[in-house]
Amino acid sequence: MKSENMSRPVLTCEEVCRYYKKKEKHIRDDGTVAKTSLVKAVDGISFQLAPGEILGVIGESGCGKSTLGRLLVRLEKTSSGSVLLDGENVDQMIRADRLGFRRQIQMVFQNPFDTFDPRYTVEKILVGTMKLHGIGSSAGERRELALEKLTAAGLLPAEDFLRRFPHELSGGQLQRISILRSMLLSPKVLVADEPVSMLDISIRADIINLIYDTARSEGAAAVFISHDITTTRYIADRIAVMYLGRIVELGTADEVALHPMHPYTEALISNCSSIDPRDRRPVIQIKGEPPSPVDIPPGCPFAPRCPRATAECSATEQTLKECNGRLVRCSKVTG
Amino acid sequence: MAILSLHDVCVTYRSSGKDVHAINHVSLDVEKNESLGIVGESGSGKTTLIMAILRLLNPKSTTVTGQILLDGEDILTMPDERLSEIRWQEMAIVFQKAMNALSPVHKVGKFIGDLYRVHVPKATNAEIRSRIEETFELVNLPKRIYDLYPHELSGGMLQRVSIAMSLILDPKLLIMDEATTALDVVTQNQILEEIKHLEEERGITRIMITHDMSVVASSCKNVAVLYAGSLMETGPVEKVLVEPIHPYTQGLVDSFPTFATDTHEPLKSIGGSLPNLADLPKGCVFAPRCPKACDICFQTPPEMKEYPGGRRAACHLAGGASHEE
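From first to last, the protein sequence lines are chains S and E. Note that this note's numbering gives residue 1185 to position 274 of the first sequence, counting from 1, and the numbers run on in steps of one. Note that this note's numbering gives residue 1455 to position 54 of the second sequence, counting from 1, and the numbers run on in steps of one.
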């Protein structure tokens, strides 16, 4: 019974798509004119997240990783496919009980400076959240809990922080408050969209450790969206690599980061320079920029930039296949 | 001879009656053909230093003291006419936000053309166009960009346009202020490769400001570490980033996860935050956050000392302390 519970995914994505319609005249490759265009930001993403697991999502900007994050917490509606939280469809959950749904899945955003109401003190931010969600029975109790959480996150002296306004805090401190506000609700899933990219290197490690430790201690699962492969490898159990709205490779963090199989993952990782100047791996140059997600050509969308591509790659649709315990979307990769 | 040398440069902002010491006694030489990376946290004064070198700081609210010599000429004291002459011709800058560096209502070619005309007033339209297209080629941009507006270009292309713009008058010194930070790793690497190539070809000296040390590690010869407006350590990249002398550099290096990091070991970070620049600590500026700080660090500011291998560091404990480990 217990083991069955353990293995049941807390978050499931089934062929999740998000298309945007754009009213703009544009000329297709074959010369015909289209009046509207379809931007396929997220195009058929499927994965399962086990309780307590941390999934990293990496990719270049514009690959749809942020849209995916917003779909998971239902800030955006899926065009097709469904997101299931604990086996329940999020569309139904949010209609039935919006607050209850928000308690179960929380998000940490990229820019901590835009996350808070500038007129609220930290106390109002934290206590207000608890009051809204019915945590704690009295104002005193909520305040105590806020103090306890601030102390645990290393924001000392906690009393002093409660009185401060967001503009009096640094980015790192705000991001810590953002994380602990999310974790106050003991969510089952935490979605973090580039939580450290705005912060200084010297404090990034603190934030990464905080997300890792709180997720682990609360038993929450997390989706960590980032473009930084080394950081993602550090925090995540599994990594999904996205290219133009699709997952091109999904596997355990170490395997994907150290032995990438998909040519895109390989190129992306070879481009991440190390801070150790002695560690100079050959960089795989990929030409051009990703094609626009408007009217993606048939076949593999990476084919025009891929060093291993042949004629058939641009002709045939690639599917996500299992390969040595990993999912890879490339016909050139065989187990 | 050094193409750019800074002697005891200090920059002070006056802000609501208080003096904010943004740059404190920075001395630095940049040799010809050197590529120097300046790293530091935000607020460490990287951009202020560059603004001082370009003399772009508002003289009403800032005081710059010391000497900034470009090829032997002091930028701080030269007449305004001479200054406008050497900007873009002798030294050019690529700003972080390429989107904001160009005019949204002018075509890219027109905008760069205006810049060219200011410095070469006799140039004909055809000459300007061919010169701009030539420069576009250097940074792998198609010629058709000339007739496009900035909003029609992607971030990577815009950044290339900014770089092309900085190269239009063949400057000796190229300053890049977080020029590739907003780009994807793939595009960033493409551009860095192009820049490195151009440097060799045209003998350009590059100063690169960034907080991303991996960029410095892969594209610069030397590195200077700045903290709270003071220079902490300088030297060749392969020495400074591998065996840092200064505890601050060590802290920065440690806080970077690498592929070699064991994923189960918690990442290290530097506790605390930058000191208040209006009220700097009496001793070493890094002492309040330094794990190794002792009494002397809080009492007297350390002097810049020379170390073997062309390195310099400002730390009381350097030498002895770092060798013990």
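Please keep in mind that the hints were generated in silico from the structure rather than gathered at the bench. Since this is a predicted model, take the numbers as computed values, not measurements. We treat Cβ as the ideally placed atom computed from N, Cα and C, and that holds for glycine. Take these hints with a grain of salt, some might be off.
To be verified - Covered by chain S, according to a simulated footprint, are these stretches of chain E (three or more residues, beta-carbon under 8 Å): (1) 1582 to 1595; (2) 1605 to 1616; (3) 1639 to 1653.
Results of checking the hints against the structure:
{"no.": "1", "hint": "1582 to 1595", "verdict": "holds (count 8)"}
{"no.": "2", "hint": "1605 to 1616", "verdict": "holds (count 5)"}
{"no.": "3", "hint": "1639 to 1653", "verdict": "holds (count 5)"}
Consistency with the previously given hints is maintained throughout, with no hint failing.
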